[in-house]
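Chains as they are written, first to last, in the working numbering: chain A, 1 to 116; chain B, 117 to 230.
Hint data in this document are derived by calculation from the structure and do not stem from the laboratory.
A couple of the hints might just be wrong.
Unchecked claim - Computed list of lysine-lysine pairs in DSSO-like fashion (alpha-carbon distance at most 30 Å, straight line):
1. B:Lys-187 x B:Lys-160
2. B:Lys-143 x B:Lys-160
3. B:Lys-178 x B:Lys-160
4. A:Lys-55 x A:Lys-73
5. A:Lys-78 x B:Lys-160
6. A:Lys-55 x B:Lys-187
7. B:Lys-187 x A:Lys-73
8. B:Lys-167 x B:Lys-178
9. A:Lys-70 x A:Lys-55
10. B:Lys-187 x B:Lys-167
11. A:Lys-70 x B:Lys-187
12. A:Lys-78 x A:Lys-55
Stated by the list, open to error - These stretches of chain A come out as covered by chain B in the derived footprint (C-beta under 8 Å, 3 or more residues):
13. 71-84
14. 101-109
To be verified - Partner residues aside, some chain B positions facing chain A, computed with beta carbon under 8 Å:
15. His-126
16. Leu-159
17. Asp-172
18. Phe-221
Ideal Cβ placement from N, Cα and C applies to all residues, glycine included.
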Amino acid sequence: AQTVTQSQPEMSVQEAETVTLSCTYDTSESDYYLFWYKQPPSRQMILVIRQEAYKQQNATENRFSVNFQKAAKSFSLKISDSQLGDAAMYFCAYRSIIQGAQKLVFGQGTRLTINP
Amino acid sequence: NAGVMQNPRHLVRRRGQEARLRCSPMKGHSHVYWYRQLPEEGLKFMVYLQKENIIDESGMPKERFSAEFPKEGPSILRIQQVVRGDSAAYFCASSQNLDTDTQYFGPGTRLTVL
Numbered sequence: 001a002q003t004v005t006q007s008q009p010e011m012s013v014q015e016a017e018t019v020t021l022s023c024t025y026d027t028s029e030s031d032y033y034l035f036w037y038k039q040p041p042s043r044q045m046i047l048v049i050r051q052e053a054y055k056q057q058n059a060t061e062n063r064f065s066v067n068f069q070k071a072a073k074s075f076s077l078k079i080s081d082s083q084l085g086d087a088a089m090y091f092c093a094y095r096s097i098i099q100g101a102q103k104l105v106f107g108q109g110t111r112l113t114i115n116p
Numbered sequence: 117n118a119g120v121m122q123n124p125r126h127l128v129r130r131r132g133q134e135a136r137l138r139c140s141p142m143k144g145h146s147h148v149y150w151y152r153q154l155p156e157e158g159l160k161f162m163v164y165l166q167k168e169n170i171i172d173e174s175g176m177p178k179e180r181f182s183a184e185f186p187k188e189g190p191s192i193l194r195i196q197q198v199v200r201g202d203s204a205a206y207f208c209a210s211s212q213n214l215d216t217d218t219q220y221f222g223p224g225t226r227l228t229v230l
């Protein structure tokens with residue numbers, strides 16, 4: 001079974017600075033998807049970014065980018081120019097491509113605080 | 117295009133009662149997933165359904181929990197004889213297509229068992 005580990009329960013960063021959230025995962029599959037979701041105090045789960053494992057290029061969405069290291073099974077999220085609205089829980093998630101097994105496997109989450 | 121809808125947003129039940137949580141997927145989405153989030157934890161998969169079929173229920177507790185996604189109408193997660201340990205946020209997600217699919221989440225239902 002796949003597992004996802006986020007080793008940083010809490011992180012903080014100064015507004016306008018850059019922060020990196022760590023995620024590692026374990027799988028025997030060669031192709032899969034990885035995601036970062038954000039959960040603000042409203043508790044709504046919001047997709048931040050998605051990476052297909054077969055793509056070598058790291059995904060980028062505006063101020064959010066990932067460092068995907070397939071051999072190391074590492075998938076970190078970098079947030080540039082941090083804003084107060086980035087404060088939230090961040091969850092890393094894995095999804096298989098096998099039919100019938102598309103469930104998301106989540107890490108424990110990292111609580112990100114933005115200091116003004 | 118409306119997002120994933122869940123109702124109720126908050127549900128209070130006494131021990132032994134039944135809880136019914138509803139999820140309407142995004143328009144055009146035929147895959148529904150239910151997840152549970154206990155306080156201060158990540159989301160845990162419960163069940164994956166397509167219209168009229170349960171595809172993967174490996175995360176569902178063996179007793180008291182059931183789910184359905186009928187041909188017409190929303191998906192229902194049903195918890196019979198609730199206990200305090202069932203208190204959690206229950207999230208529904210939907211996706212359109214097996215190959216491309218990002219799962220989009222609803223706002224969740226917070227269940228409190230007194």
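### Query
Is the hinted pair Lys-167 of chain B and Lys-178 of chain B satisfied, with a Cα-Cα distance of at most 30 Å?
holds, 22 Å
### Task
Decide if the proposed pair is consistent with the structure: Lys-178 of chain B and Lys-160 of chain B, CA atoms, cutoff 30 Å inclusive.
holds, 15 Å
### Query
Three or more residues of the segment 71-84 of chain A near chain B by CB distance under 8 Å?
violated (count 0)
### Message
So if I understand the rule, the pair passes when the alpha-carbon distance is 30 Å or less; does Lys-70 of chain A with Lys-187 of chain B pass?
### Response
violated, 40 Å
### Query
Is Lys-70 of chain A close enough to Lys-55 of chain A, meaning Cα to Cα at most 30 Å?
Distance of about 10 Å is within 30 Å: holds.
### Query
Regarding the pair Lys-187 of chain B and Lys-167 of chain B, is the alpha-carbon distance no greater than 30 Å?
Holds, because 6 Å separates the two Cα atoms, which is no more than 30 Å.
### Query
Quick one, are Lys-78 of chain A and Lys-160 of chain B close enough, alpha carbons at most 30 Å?
holds, 25 Å
### Message
Between the alpha carbons of Lys-143 of chain B and Lys-160 of chain B, is the straight-line distance 30 Å or under?
### Response
Within the cut-off at roughly 25 Å; holds.
### Task
Would you settle whether the hint for His-126 of chain B is holds or violated, based on the nearest Cβ-Cβ distance to chain A being less than 8 Å?
violated, 11 Å
### Query
Are Lys-187 of chain B and Lys-73 of chain A close enough, with their CA atoms no more than 30 Å apart?
Answer violated: Lys-187 of chain B to Lys-73 of chain A is near 40 Å, above 30 Å.
### 30 Å Cα cutoff - pair Lys-78 of chain A, Lys-55 of chain A
Holds, at about 18 Å.
### Given pair status - Lys-73 of chain A, Lys-55 of chain A, alpha carbons within 30 Å
Measuring from Cα to Cα gives roughly 14 Å; hence the hint holds.
Consistency with the previously given hints fails for numbers 6, 7, 11, 13 and 15, ordered from lowest to highest.
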